[in-house]
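Residue numbers (this note's numbering), protein chains in the order written: chain A, 1 to 308; chain B, 309 to 616; chain C, 617 to 924; chain D, 925 to 1232; chain E, 1233 to 1540.
Warning: the hint list may mix true and false statements.
As the list claims (entries may be wrong) - When the alpha-carbon atoms are kept at most 20 Å apart in a straight line, the in silico DMTMM-like pairs for lysine to aspartate or glutamate are as follows:
1. E:1387 - A:291
2. A:173 - B:415
3. D:1230 - D:1194
4. D:1073 - E:1518
5. E:1387 - A:286
6. B:512 - C:817
7. C:820 - D:1194
8. D:1097 - D:1031
9. D:1230 - D:1215
10. C:789 - D:1031
11. E:1403 - E:1339
12. B:481 - C:796
13. E:1436 - A:139
14. C:787 - D:1063
15. B:463 - C:902
16. D:1079 - D:1065
17. B:481 - B:578
18. A:306 - A:291
19. A:306 - A:270
20. C:820 - D:932
21. E:1239 - D:1191
22. A:306 - A:8
23. A:204 - B:419
24. D:1230 - C:817
25. A:7 - E:1499
Source of the hints: derived by calculation from the structure; they are not laboratory data.
As a plain string of letters, each chain reads:
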Amino acid sequence: MIIYNAKDWLGALRHFHTSYVIRILLRRVLLVGAYGALVTFIDQHRVNIDLPIDGTFFSLLGILLSLLLVFRTNTAYDRFWEGRRQWGMLVNYSRNFAVMMDAILLDSDRENRQFFARALSNFAVALKGHLRTGVNITELEETGGNDRKALAQSKHVPSRIAALLMRRLQKLKQQRVLTDGDLITIRTYHQAFLDITGSCERIKNTPIPFSYSFFIKLFITLYLLLMPLVLVETYAYFTVLATILAAYALLGVEMIGDEIEEPFGLDCNDLPLNQISQTIRRNMHEILMSELPVAQQTQLEGEYQKVN
Amino acid sequence: MIIYNAKDWLGALRHFHTSYVIRILLRRVLLVGAYGALVTFIDQHRVNIDLPIDGTFFSLLGILLSLLLVFRTNTAYDRFWEGRRQWGMLVNYSRNFAVMMDAILLDSDRENRQFFARALSNFAVALKGHLRTGVNITELEETGGNDRKALAQSKHVPSRIAALLMRRLQKLKQQRVLTDGDLITIRTYHQAFLDITGSCERIKNTPIPFSYSFFIKLFITLYLLLMPLVLVETYAYFTVLATILAAYALLGVEMIGDEIEEPFGLDCNDLPLNQISQTIRRNMHEILMSELPVAQQTQLEGEYQKVN
Amino acid sequence: MIIYNAKDWLGALRHFHTSYVIRILLRRVLLVGAYGALVTFIDQHRVNIDLPIDGTFFSLLGILLSLLLVFRTNTAYDRFWEGRRQWGMLVNYSRNFAVMMDAILLDSDRENRQFFARALSNFAVALKGHLRTGVNITELEETGGNDRKALAQSKHVPSRIAALLMRRLQKLKQQRVLTDGDLITIRTYHQAFLDITGSCERIKNTPIPFSYSFFIKLFITLYLLLMPLVLVETYAYFTVLATILAAYALLGVEMIGDEIEEPFGLDCNDLPLNQISQTIRRNMHEILMSELPVAQQTQLEGEYQKVN
Amino acid sequence: MIIYNAKDWLGALRHFHTSYVIRILLRRVLLVGAYGALVTFIDQHRVNIDLPIDGTFFSLLGILLSLLLVFRTNTAYDRFWEGRRQWGMLVNYSRNFAVMMDAILLDSDRENRQFFARALSNFAVALKGHLRTGVNITELEETGGNDRKALAQSKHVPSRIAALLMRRLQKLKQQRVLTDGDLITIRTYHQAFLDITGSCERIKNTPIPFSYSFFIKLFITLYLLLMPLVLVETYAYFTVLATILAAYALLGVEMIGDEIEEPFGLDCNDLPLNQISQTIRRNMHEILMSELPVAQQTQLEGEYQKVN
Amino acid sequence: MIIYNAKDWLGALRHFHTSYVIRILLRRVLLVGAYGALVTFIDQHRVNIDLPIDGTFFSLLGILLSLLLVFRTNTAYDRFWEGRRQWGMLVNYSRNFAVMMDAILLDSDRENRQFFARALSNFAVALKGHLRTGVNITELEETGGNDRKALAQSKHVPSRIAALLMRRLQKLKQQRVLTDGDLITIRTYHQAFLDITGSCERIKNTPIPFSYSFFIKLFITLYLLLMPLVLVETYAYFTVLATILAAYALLGVEMIGDEIEEPFGLDCNDLPLNQISQTIRRNMHEILMSELPVAQQTQLEGEYQKVN
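Modelling step: build the complete structure from the supplied sequences, incorporating the hints.
What follows is the structure, encoded as structure tokens:
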């Protein structure tokens, strides 16, 4: 994710290179511009291109395309925001869980405090890995009993950590540390972990239906191919400028949509899962008064910075 | 569902044939194009067609139609996404249920572990069948006591499996394996199963109101019939191209909407219920440490693949 | 509700007469067409009508009107869908309630099983009546102790049935059939019944604000009255065709919105409350293994059928 | 709120005077029309006004303005509908609360039955006053122990009634009338009362941001001021008609939005809080079998009636 | 936040200076106007600028831009409203918590009553600081045991206060003041505090993706730069007026969006967090009958007032 100052208009324009997708977009816009230039050259110097398609009909298609693109943008942003909300909930429920265990566990119960601080941290870190390129076991902390080794063999690490947490809760109930009433509340927090996992997997694994994606891409392609042929008669050399503007607008909306609709990757508009999971890790150890093994504070300096 | 790479523009265009609805669409577009050609032929070579309807009025109708189509698209996508969310919740609640039973049941309690692993798997498999062409009893696993035979006679298999689960929970409570507090939590998971069933049935059985569907279809039909008559005077032979473009845009949005608004079928844009229910099955057996009878792993190779 | 096949384009067009609102619409469209014909006749044969209002300004008003109509459609559909969701939840919670009572009650406890099967069925049937033309007491089943007679005197039958259910639950608690923990869950199901009732009453009793409804109706009326006067100079006899098309589009969206925003009536686009409540009735008796007094299965044959 | 029949087109148009906002709107439209007439008069008889601003640019501004107005309408309606939903929930939770107390309290426990019937009724009545012009203590019923006098001194009457209810519940728990399990459920109902209060206060106290409101109002003002200057050259005397139409459309959407976004007042499009709170009052006394002190039944006769 | 009267049209227009963003907007509009004047001057007196770009194509781009701006507005307003809802929930849950503790604690238990009144007030005040410029420890009240000093060292004050509350609840449970059943309810209130904190942090820390923000800003910049060049030929001196109008519309929507999408600052459209947290503080002390140390009542006089 890029951290920026929304109200600084010039600043935003100056940092266009911070965004990978904007750079790709500008490259594609130039390509379409080159095609526009070719058409213009042919029309002006070789064969006269004279398509009797007038602006009104072409506008109408453009309006339908615009409406579809805004719908697409809306959908993509909803997915981005839902992903963000899920990770926000992970922060909340981790804190809720930790605050409650902190109140119930004795201050002297080092072992259990450490277990929960580490297991809750591990969950966030493992989910990050699970949604990106795979869980990196060395990022996880040892929760006792060689659990880390066992996790390395699990096919679904977050589920496994959730199961470990649930088993520990059950053990504490048998030891009468937790009452039935305590468990009713704690289990709703625990449940949230698997719900968040499932929701993130859903966003990751279910793109918008292929037919829509294809339909819009073909629509834009046809539109941009036709455009210089329609405009060249009246616009002459300005056809290139017009084509570039239209390509910027149409391709831009589509490409940004494509990028943010899958918010768990490492692209520069994706969510800073790494940063969030480190925040959770620090929070867990603070609340449960357990010492933090390795301090990994992301240092932020200035604006227009990427965090991952 | 088709699995694809949204950012690969050319790849998407090259795989249009993967989508059944896109192929039907192209066929219908050609049909409208043929009608456009016929009108053009008559105008140019036989009777001169001279409709004094100008672009402005025709555009206005087109804008209203575009707005309605985007509304329709929005509605259809909401249904698709709600269906997906319900199945995502089925994954979550199955896992929650299994993780909790795993913590409560003794590691040695093979019988109950197997019962829950199988009954929870059966629920997902039965719901898939229930929403598609009917429950295939041979896909279900035997949960003990000839239950499978009884299920074959049930009119509503998912409800029956839910009732079996509830009865087993009640038995475990009488055996003091489960406390009242445990049941308060487990029952919320159990409740989710029937809620999901009901929500999916609702999406399946309630299409958008017939009047809307009819209204939009008639609107598009009239629009496309009139279009070549309006355009032919100024566009001449390009009428065919314009008609094809308009038909692509209008029919395309409508048809994709029609397809994805019922997301539980076997069409290529429908949800991969089979894949999801197999995932649940593997998860249940893993979490409850019960051996999986028949391993059915869907193998995915390359991009642009259909999964059902 | 009309059951239809969304993907069958021609089939949909052929069954326009199935929908009452479509038939009314066509009648009103003809009326506006007649007005258009009158204006054209006067212009062509008597006084020349020459309004210097050009298309651009008129289009602009049309676009604002179109946007408002789509907003209106959206609102109406949301109400329709919310009504459907409430009845879907009624199905879910009835099943949840029944499945839980089935697990708790002894198989031999005929009396209580019958009570719950009948009272839960009665709730759905009474709510249907309450939202339509009034509760028909003869449709309800006797739940014991001359309750049916008492219900006939109640002003709000669904509330009364809910109170009967709650009292029976309390009695079962005093008889130690239900524990406090059981009641915590069952009461959330019970609560859902009154929540659903309230939500349906809200949809039924609160139309969109009168000012909006009036504003849009007057806007459309003025627009259609002015239209032939503006068009007649350039369109001549085709004014009639254009007026008919515009009337179809504008009146159609408005009228369908008016119809589906109140989804509990007996119109052909309304929800099949009768069918849903019969489904609940059969489900309740099946799950609680209580014999069903009178089998009322709605027989569906072919497509494009009305169910109420 | 005005009760009307949405499907009766002519009836709706005939009752425009029922709505205060529509009458104000028509007055403002006439004012703008007078301005348009003035501009036309000056142009035709004194100085020729010749603004070279063409329709296309002006249309474009109009489209952006239209989109903003529909966004504004959407927002206002969402607030209206959320307010309605909150009061619908108040009905639901009052009934849930009463039905549960009815089942738990002995039939002979007149005192507690009366307390809850009256306190629950008072809550709705007090909330109505709190959201309108202030709580009218004489509308409240005496719940025992001179509570009404104490309420008169409270700064936040609904909170105070909620506190009285909670204290009574606690007392009943100490008297072992209520168990811990009962309280878990009842407290969720009780919580709903304060949640509803807070949500209604939020809607009442937070208008849409001033900048938006100002921005749109200035936009419309500029647009309507400029309009006759742009149109007068081509439209001549019809400028007045066009200005009136545009003013109707633009001012209308804005004003209706302004009115319904604060749905708790006494305007004719506002919610019938008085009617709803009387319904709650009757329901509470019926369900708890407590006699109703003063019957205040709102009599509805015919359609197009105002209820407050 | 600015408190204003939405229905007072002229009043709203007269108070434009109350809003900082409106003043900045007017300044930027003048800047664009100056650029327009420069272009006009060059065209009329030096070199003739003759861009053959016609209105239709330019309109089409403008429509896409308008749609994107409305989408942007929608998104920004959703964030504003979600932020408001979170703080509304903070009011609700604080009241719920206090009302419940008031019923459970003895009237004579001054110490605990004061603790909860102060800790609950502190939470709201600390969250306000946390979301703005940092927690001002002197604004917090001493809850006993030198807690305030400890809070000064905490990195996340709201979490710390939540932990203190949870620990006190646990202590009361050990003292048998609270039962398990009480805690089940109170913990849902407690959980809400951390959920609200997390949600507000999410809104504050996650702006809309940089690519979108950049894309729209560049689009507007290009559009406004090109506009006078396109218009100057036909509009001559009126180009300045047209440019100013367009700049007002496009920049205005963007800037207001930028401002309200981060609703926790001290801008004049931001939420009155200070006022809300003082309301909570007064409510807490009233409900728990604990004396309020320092009365800080915000005095509101007249309309069009800023509250922060």
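Hints versus structure:
1. Between the alpha carbons of residue 1387 of chain E and residue 291 of chain A the distance comes to roughly 15 Å, so the proposed pair stays at or under 20 Å and holds.
2. Restraint check: the Cα-Cα separation between residue 173 of chain A and residue 415 of chain B comes to about 17 Å, which is no more than 20 Å; the hinted pair holds.
3. Taking the CA atoms of residue 1230 of chain D and residue 1194 of chain D, the gap is about 10 Å. The hint holds against a cut of 20 Å.
4. Pair hint residue 1073 of chain D plus residue 1518 of chain E holds up; C-alpha atoms about 17 Å apart against a cutoff of 20 Å.
5. A distance of roughly 9 Å separates the Cα atoms of residue 1387 of chain E and residue 286 of chain A; the hinted pair therefore holds under the 20 Å criterion.
6. Restraint check for residue 512 of chain B and residue 817 of chain C: not satisfied, since their Cα atoms lie roughly 25 Å apart, outside the 20 Å limit.
7. Restraint check: the Cα-Cα separation between residue 820 of chain C and residue 1194 of chain D comes to about 17 Å, which is no more than 20 Å; the hinted pair holds.
8. With a CA separation close to 18 Å, the supplied pair residue 1097 of chain D and residue 1031 of chain D stays within the 20 Å bound.
9. The suggested pairing of residue 1230 of chain D with residue 1215 of chain D is violated, with an alpha-carbon distance near 29 Å, which exceeds 20 Å.
10. With a C-alpha separation of about 17 Å, the suggested pairing of residue 789 of chain C with residue 1031 of chain D holds against the 20 Å cut-off.
11. Using a Cα cut-off of 20 Å, the hinted pair residue 1403 of chain E and residue 1339 of chain E holds, with the two alpha carbons roughly 19 Å apart.
12. Among the hinted pairs, residue 481 of chain B with residue 796 of chain C is consistent with the structure: their alpha-carbon atoms are about 14 Å apart, no more than 20 Å.
13. A hinted pair counts as satisfied when its Cα atoms are at most 20 Å apart, and residue 1436 of chain E with residue 139 of chain A does not qualify at roughly 28 Å.
14. With a C-alpha separation of about 36 Å, the suggested pair residue 787 of chain C and residue 1063 of chain D falls outside the 20 Å cut-off, and the hint is violated.
15. At most 20 Å may separate the alpha-carbon atoms for a hinted pair to count; residue 463 of chain B and residue 902 of chain C meet this at roughly 9 Å.
16. The straight-line distance between the Cα atoms of residue 1079 of chain D and residue 1065 of chain D is roughly 18 Å, inside the 20 Å bound, and the hint therefore holds.
17. At roughly 40 Å between alpha-carbon atoms, residue 481 of chain B and residue 578 of chain B are farther apart than 20 Å, so this suggested pair is violated.
18. Restraint check for residue 306 of chain A and residue 291 of chain A: the C-alpha separation of about 29 Å exceeds 20 Å, so the hint is violated.
19. Proposed proximity of residue 306 of chain A and residue 270 of chain A is supported: the alpha carbons are some 10 Å apart, at most 20 Å.
20. Annotation: proposed proximity of residue 820 of chain C to residue 932 of chain D holds, straight-line Cα distance about 17 Å (limit 20 Å).
21. At most 20 Å may separate the alpha-carbon atoms for a hinted pair to count; residue 1239 of chain E and residue 1191 of chain D meet this at roughly 12 Å.
22. A C-alpha spacing of about 17 Å is found between residue 306 of chain A and residue 8 of chain A, which places the hinted pair at or below 20 Å, so the restraint holds.
23. Taking the CA atoms of residue 204 of chain A and residue 419 of chain B, the gap is near 36 Å; set against the 20 Å cutoff, the hint is violated.
24. Taking the CA atoms of residue 1230 of chain D and residue 817 of chain C, the gap is about 19 Å. The hint holds against a cut of 20 Å.
25. Among the hinted pairs, residue 7 of chain A with residue 1499 of chain E is consistent with the structure: their alpha-carbon atoms are about 12 Å apart, no more than 20 Å.
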